[in-house]
Amino acid sequence: MLKTLVTALICLCATQAVAQESGAISSRDSVSMAKLIKDGYEIKSSSWTGSKLFVFLQKDNSAYACEFANVTNTRCGSIN
Numbered sequence: 286m287l288k289t290l291v292t293a294l295i296c297l298c299a300t301q302a303v304a305q306e307s308g309a310i311s312s313r314d315s316v317s318m319a320k321l322i323k324d325g326y327e328i329k330s331s332s333w334t335g336s337k338l339f340v341f342l343q344k345d346n347s348a349y350a351c352e353f354a355n356v357t358n359t360r361c362g363s364i365n
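Letter by letter, the sequence shown follows residues 286 to 365 in our numbering.
Because the hints were derived from the structure by calculation, they are not lab data.
Do not take every clue at face value.
To be verified - With a cut-off of at most 30 Å between alpha-carbon atoms, the simulated DSSO-like pairs for lysine-lysine come out as follows:
1) 344 <-> 320
2) 329 <-> 344
3) 320 <-> 337
4) 344 <-> 323
5) 323 <-> 337
I would like the entire structure built from these sequences, with the hints used as guidance.
Written out as structure tokens, the structure is:
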């Protein structure tokens with residue numbers, strides 16, 4: 286009985302940890318490329334992959350990657 290209870294508690298804790306981690310990832314704010322450039326980030330590189338363009342920006346020790354699917358559908362996120 287005790288072994289079953291301990292196993293159930295371990296599973297419950299692991300489930301909560303995964304849920305908290307996914308919540309943290311999904312709540313991460315996206316920032317626009319215009320704001321990054323305004324804040325002093327510089328374009329360091331760009332790359333075409335199929336139908337999308339990726340632009341990499343850097344400022345000091347902070348870096349962002351921006352994905353362009355089309356002119357109106359873009360998103361940027363921290364990569365460090």
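Checked hints:
| no. | hint | in the structure |
| --- | --- | --- |
| 1 | 344 <-> 320 | holds (13 Å) |
| 2 | 329 <-> 344 | holds (10 Å) |
| 3 | 320 <-> 337 | holds (21 Å) |
| 4 | 344 <-> 323 | holds (11 Å) |
| 5 | 323 <-> 337 | holds (23 Å) |
Violated hints for the displayed structure: none, as all numbered hints are satisfied.
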